[in-house]
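Asks: Each chain, letter by letter, is given below.
Number of protein chains: 2
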Amino acid sequence: MMHEAFLSELKSIAGERYVITDPREIDPFVTDHRARYRGTALAVVKPASTQDVSRIVAACVQAGIAVVPQGGNTGLCGAATPLSGKSAIVMRLDRMNRIRAISPAEETVTVEAGCILAEIQAAAAREGLLFPLSLGAEGSCQIGGNIGTNAGGISVLRYGNMRQLVLGLEVVLPDGTVLDSLRRLRKDNAGYDLKQLFIGAEGTLGIVTAAALKLFPAVRSRSVALMQIASVEDALKMFSRARQTFGERISSIEIIGSSYLDFVLRYVQGTVMPFAQKAPWYLLLEAGDTLPESDVGAAMENLLAQAFEDKLVSDATIAASLAQEEAIWKLRHGVTGEFKLAGKTMSHDSSVPVAQQPEFTARIERDILRAYPDANVMMVGHIGDGNIHVVVLFPHERFPDAQSYEAASDIIDAIIDGIVTTIGGSITAEHGVGTSYRKRLAASKSGPELTLMKSIKRLLDPAGLMNPGKIFLDADAR
Amino acid sequence: MMHEAFLSELKSIAGERYVITDPREIDPFVTDHRARYRGTALAVVKPASTQDVSRIVAACVQAGIAVVPQGGNTGLCGAATPLSGKSAIVMRLDRMNRIRAISPAEETVTVEAGCILAEIQAAAAREGLLFPLSLGAEGSCQIGGNIGTNAGGISVLRYGNMRQLVLGLEVVLPDGTVLDSLRRLRKDNAGYDLKQLFIGAEGTLGIVTAAALKLFPAVRSRSVALMQIASVEDALKMFSRARQTFGERISSIEIIGSSYLDFVLRYVQGTVMPFAQKAPWYLLLEAGDTLPESDVGAAMENLLAQAFEDKLVSDATIAASLAQEEAIWKLRHGVTGEFKLAGKTMSHDSSVPVAQQPEFTARIERDILRAYPDANVMMVGHIGDGNIHVVVLFPHERFPDAQSYEAASDIIDAIIDGIVTTIGGSITAEHGVGTSYRKRLAASKSGPELTLMKSIKRLLDPAGLMNPGKIFLDADAR
Numbered sequence: 001m002m003h004e005a006f007l008s009e010l011k012s013i014a015g016e017r018y019v020i021t022d023p024r025e026i027d028p029f030v031t032d033h034r035a036r037y038r039g040t041a042l043a044v045v046k047p048a049s050t051q052d053v054s055r056i057v058a059a060c061v062q063a064g065i066a067v068v069p070q071g072g073n074t075g076l077c078g079a080a081t082p083l084s085g086k087s088a089i090v091m092r093l094d095r096m097n098r099i100r101a102i103s104p105a106e107e108t109v110t111v112e113a114g115c116i117l118a119e120i121q122a123a124a125a126r127e128g129l130l131f132p133l134s135l136g137a138e139g140s141c142q143i144g145g146n147i148g149t150n151a152g153g154i155s156v157l158r159y160g161n162m163r164q165l166v167l168g169l170e171v172v173l174p175d176g177t178v179l180d181s182l183r184r185l186r187k188d189n190a191g192y193d194l195k196q197l198f199i200g201a202e203g204t205l206g207i208v209t210a211a212a213l214k215l216f217p218a219v220r221s222r223s224v225a226l227m228q229i230a231s232v233e234d235a236l237k238m239f240s241r242a243r244q245t246f247g248e249r250i251s252s253i254e255i256i257g258s259s260y261l262d263f264v265l266r267y268v269q270g271t272v273m274p275f276a277q278k279a280p281w282y283l284l285l286e287a288g289d290t291l292p293e294s295d296v297g298a299a300m301e302n303l304l305a306q307a308f309e310d311k312l313v314s315d316a317t318i319a320a321s322l323a324q325e326e327a328i329w330k331l332r333h334g335v336t337g338e339f340k341l342a343g344k345t346m347s348h349d350s351s352v353p354v355a356q357q358p359e360f361t362a363r364i365e366r367d368i369l370r371a372y373p374d375a376n377v378m379m380v381g382h383i384g385d386g387n388i389h390v391v392v393l394f395p396h397e398r399f400p401d402a403q404s405y406e407a408a409s410d411i412i413d414a415i416i417d418g419i420v421t422t423i424g425g426s427i428t429a430e431h432g433v434g435t436s437y438r439k440r441l442a443a444s445k446s447g448p449e450l451t452l453m454k455s456i457k458r459l460l461d462p463a464g465l466m467n468p469g470k471i472f473l474d475a476d477a478r
Numbered sequence: 001m002m003h004e005a006f007l008s009e010l011k012s013i014a015g016e017r018y019v020i021t022d023p024r025e026i027d028p029f030v031t032d033h034r035a036r037y038r039g040t041a042l043a044v045v046k047p048a049s050t051q052d053v054s055r056i057v058a059a060c061v062q063a064g065i066a067v068v069p070q071g072g073n074t075g076l077c078g079a080a081t082p083l084s085g086k087s088a089i090v091m092r093l094d095r096m097n098r099i100r101a102i103s104p105a106e107e108t109v110t111v112e113a114g115c116i117l118a119e120i121q122a123a124a125a126r127e128g129l130l131f132p133l134s135l136g137a138e139g140s141c142q143i144g145g146n147i148g149t150n151a152g153g154i155s156v157l158r159y160g161n162m163r164q165l166v167l168g169l170e171v172v173l174p175d176g177t178v179l180d181s182l183r184r185l186r187k188d189n190a191g192y193d194l195k196q197l198f199i200g201a202e203g204t205l206g207i208v209t210a211a212a213l214k215l216f217p218a219v220r221s222r223s224v225a226l227m228q229i230a231s232v233e234d235a236l237k238m239f240s241r242a243r244q245t246f247g248e249r250i251s252s253i254e255i256i257g258s259s260y261l262d263f264v265l266r267y268v269q270g271t272v273m274p275f276a277q278k279a280p281w282y283l284l285l286e287a288g289d290t291l292p293e294s295d296v297g298a299a300m301e302n303l304l305a306q307a308f309e310d311k312l313v314s315d316a317t318i319a320a321s322l323a324q325e326e327a328i329w330k331l332r333h334g335v336t337g338e339f340k341l342a343g344k345t346m347s348h349d350s351s352v353p354v355a356q357q358p359e360f361t362a363r364i365e366r367d368i369l370r371a372y373p374d375a376n377v378m379m380v381g382h383i384g385d386g387n388i389h390v391v392v393l394f395p396h397e398r399f400p401d402a403q404s405y406e407a408a409s410d411i412i413d414a415i416i417d418g419i420v421t422t423i424g425g426s427i428t429a430e431h432g433v434g435t436s437y438r439k440r441l442a443a444s445k446s447g448p449e450l451t452l453m454k455s456i457k458r459l460l461d462p463a464g465l466m467n468p469g470k471i472f473l474d475a476d477a478r
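In the order they appear, the protein sequences are chains A and B.
So the first sequence is numbered by the numbering used here: it starts at 1 and just counts up by one.
So the second sequence is numbered by the numbering used here: it starts at 1 and just counts up by one.
Calculated directly from the structure, the hints in this document are not laboratory data.
There could be a bad hint or two in this list.
Given that identical chains are not distinguished, each listed pair holds provided it fits within a single copy or across any two copies.
In silico lysine to any residue, SDA-like type, Cα no more than 20 Å apart, as pairs [unchecked claim]:
| hint | residue 1 | residue 2 |
| --- | --- | --- |
| 1 | Lys237 | Ser103 |
| 2 | Lys454 | Phe275 |
| 3 | Lys454 | Leu194 |
| 4 | Lys454 | Gln164 |
| 5 | Lys237 | Pro217 |
| 6 | Lys344 | Ser259 |
| 7 | Lys311 | Ala230 |
| 8 | Lys86 | Arg24 |
| 9 | Lys454 | Asp180 |
| 10 | Lys237 | Ala105 |
| 11 | Lys11 | Ala122 |
| 12 | Lys344 | Ile318 |
| 13 | Lys439 | Gln324 |
| 14 | Lys11 | Arg370 |
| 15 | Lys454 | Asp367 |
| 16 | Lys330 | Ser409 |
| 17 | Lys237 | Gly64 |
| 18 | Lys86 | Ala230 |
These numbers come from a predicted model, not from an experiment.
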């Protein structure tokens, strides 16, 4: 009854057709894209403007109903999926997808939060510039979600993560106030840098509605290589040499474990092993220069020839065409769907200090195999950022029921978290906390850190209505 | 009496000789380096460790005495100078000047807050790496102060400001708790990024005691040029061309107004005009490549030859030696002392969106000269960041007393702030707020921004003892 009036109010703000209440239509928006989380919502609401977002949030506060902001719904931690049994709406900014302004002279673009990442990349490219955030979901994720999760991806070493790319933000606060910090300034030390609060806060402190972003000179000459390598130590040596050769021109440097590559070759259509033999590790290196006349290809050849001579690399291939570049990148990307077909997986997103990756990977493999000798421990990641994704795969039949899977998953979480914490790493490097990591967050951060995080949450959202139950367990945050 | 016991406690923590109470010895620490602000302090305390900082802060809380953290005391806004008549101590971290660790493989350095900036630069250079923060005071400013003020300088376009260079922080909170977020991680999305709160907070939310910082590949080939240019529009066109030529290799691009250069040539010893004639504007461009074999010099020559042909530049000089590079940079740097000799000055630190600098500079000059036809309006700044410093100079005898100077200063502040705010800029781009800008902050930020800043201050420092009266006027923040 009360909800009827509330829903009418939403409809009067957003328009009848933009307040979805049919359970079948709601379903995709209350399920995460890996179908691991499923929640409930009174409605999915699609406002057309910042002012409407503000009015909807105010209406939610009035009615005591929670707001779950959702971007492209491509997150991996359940941050954009409402909990079950809590009165909540899902807020989608799909209609707020305008590029408000783009300035080549300033190298800035101002966008609404519902813009698809790939469309921002394309808008920058049309001006001869680069928006460097790049990740698997770029064709469907929205920039608001990228900001809310402080997205990482394959170009962080060179350009920083999402946080480094934001110049200004417009945010609707948990009480409905519009915080307009949408300045396009490279330097601004007039008081606290408030926008930092909302980047990576997963919508728990407010809803990002627009952003001013940095652009960069486009990369105009490029070289992509794949190498076979004996160990993570050697991969770090190659990283160091690549740094000497290319300096800041390393766009991506990715490490791929042997079992991960085997998996990709077996399950991902159209992939081809470019080498005659196998190796324990593979290193994907992409270098790019903003100058078209720069011969990064020749530099890559010299780098690899020397490494081959010094026995640092056992074999290597340099892409000679765009198609070959794509074929190499295909060995790295796009397996989330295939994991499901292949068996039961447990995925992790750890980071450690860059130099400690040999220790990290060795201990991970040893300790997981000690606990589960039949596990397939796959590793792949951004070696320049110290960010290794560990994916543990079991055959479908290994766990007869959800409980046994969850029990094993908890044990493997504990193994990985223990190692990460000992080495001074992070249990979630780029995916965020969402619902997946909230129990484990407490174990990985110090008491004063957790206390301060929770008091910030309480300060901005005293009613606890902004994406409740995310990052912190509900009772914790209140 | 109460203070006796308090001072004894400080001595028992830091050691007798590290608690300075003699007014003559205290004097330099309660005066800012331009001698515009002078405050009072019960003592200057120099703790040896984070633990000692924590104990001292706890003792201050117990006694209700304020803490003013001070780095190298080189700030330009009075942020490190205690107020008068308030019971306060000045906290100096001079003894905490160890480089705790440096890792070439990780490209990180972990330092205590009392480290001098130039010593961190030198430590990085010894490893063949670069710590890119660079500013006039680098020989005496401390990294803790650089972090507290989110320092900018001449390399922000390429490497970001201080905020972008921090990976992790150790902070003593206003209640004495040590917040250990000293992780050396390139990616960490495990909850809110707390360190962002303390960067640029000018010690109002806690005391930074140590930091993990990013290093970069060193620049190994370099070219420095000075050009004569007709207008700020043309300077932006040159910036755009330089971007096409050098991409991310532009280390610095600085604009110098004619009257500023005249001033430098007249007052700064050892400076020489490198051109036969004057021009309205000068552009200093430094490009640098991490590869020694890269011919940035030839690229610079081509860039300037083409610009000369297109009449974008009327004359130019390229440094042919380190001495010539330094001679060019000398025309840009190091005049703060000389201003005092030359007359009465009013200095500003504005930023606007990069493309709006022509409008900004034109309006500034027009409106100030309209109000004060005898003013010498000098401009110099970081054109790649949209950060122009306006310095208004009057003869010594122009203002017979402090009141008349202050009255004129207020009028000029109002002129500049009005223009900055209309254009969507910042009244303090890199210097911070301190005491200088706190009145004007209120006019330049929106209500919701100010409200949120103040609630964060109250949340972290409910007793209002951390650097009180800075950023916010005292009554405001409580």
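Asks: Give a verdict on every hint.
Replies: Consistency of the hints with the structure:
Taking the shortest alpha-carbon separations for lysine 237 and serine 103, only the inter-copy value of 14 Å comes in at or below 20 Å, while the best intra-copy value is 40 Å. Within a single copy, lysine 454 and phenylalanine 275 get their C-alpha atoms no closer than 51 Å, and across copies no closer than 61 Å, so neither meets the 20 Å cut-off. Proximity of lysine 454 to leucine 194 under the C-alpha cut-off of 20 Å is found in both arrangements, the shortest distances being 17 Å within a copy and 11 Å between copies. With identical chains, the CA atoms of lysine 454 and glutamine 164 are never at most 20 Å apart, being 24 Å at best within one copy and 25 Å at best between copies.
In this assembly of identical chains, lysine 237 and proline 217 lie within 20 Å of each other by CA distance solely across copies; the values are 15 Å between and 29 Å within a copy. When the C-alpha separation of lysine 344 and serine 259 is checked against a cutoff of 20 Å, the pair qualifies only within one copy, where the shortest distance is 16 Å, while the shortest distance between copies is 71 Å. In this homomeric assembly, lysine 311 and alanine 230 come within 20 Å of each other (Cα to Cα) only inside a single copy, at 9 Å, whereas the closest approach across copies is 57 Å. With identical chains, the CA atoms of lysine 86 and arginine 24 are at most 20 Å apart within one copy only, with a shortest distance of 18 Å there and 65 Å across copies.
With identical chains, the CA atoms of lysine 454 and aspartate 180 are at most 20 Å apart between copies only, with a shortest distance of 16 Å across copies and 24 Å within one. Within a single copy, lysine 237 and alanine 105 get their C-alpha atoms only as close as 39 Å, which misses the 20 Å cut-off; across copies the closest is 8 Å, which meets it. Taking the closest pair of Cα atoms, lysine 11 and alanine 122 never come within 20 Å of each other, the shortest separation being 34 Å inside a single copy and 63 Å across copies. In this assembly of identical chains, the alpha carbons of lysine 344 and isoleucine 318 never lie at most 20 Å apart, being 34 Å within a copy and 63 Å across copies at closest.
Within a single copy, lysine 439 and glutamine 324 get their C-alpha atoms no closer than 43 Å, and across copies no closer than 60 Å, so neither meets the 20 Å cut-off. Proximity of lysine 11 and arginine 370 under a CA criterion of 20 Å is satisfied in neither setting, with 57 Å inside one chain copy and 54 Å between copies. Taking CA atoms no more than 20 Å apart as the test, lysine 454 paired with aspartate 367 passes in neither setting, with 33 Å inside one copy and 48 Å between copies. Proximity of lysine 330 to serine 409 under the C-alpha cut-off of 20 Å is found in neither arrangement, the shortest distances being 28 Å within a copy and 62 Å between copies.
With identical chains, the CA atoms of lysine 237 and glycine 64 are never at most 20 Å apart, being 56 Å at best within one copy and 54 Å at best between copies. In this assembly of identical chains, lysine 86 and alanine 230 lie within 20 Å of each other by CA distance neither inside one copy nor across copies; the values are 51 Å within and 64 Å between.
Violated hints, in rising order: 2, 4, 11, 12, 13, 14, 15, 16, 17, 18; the structure is consistent with all others.
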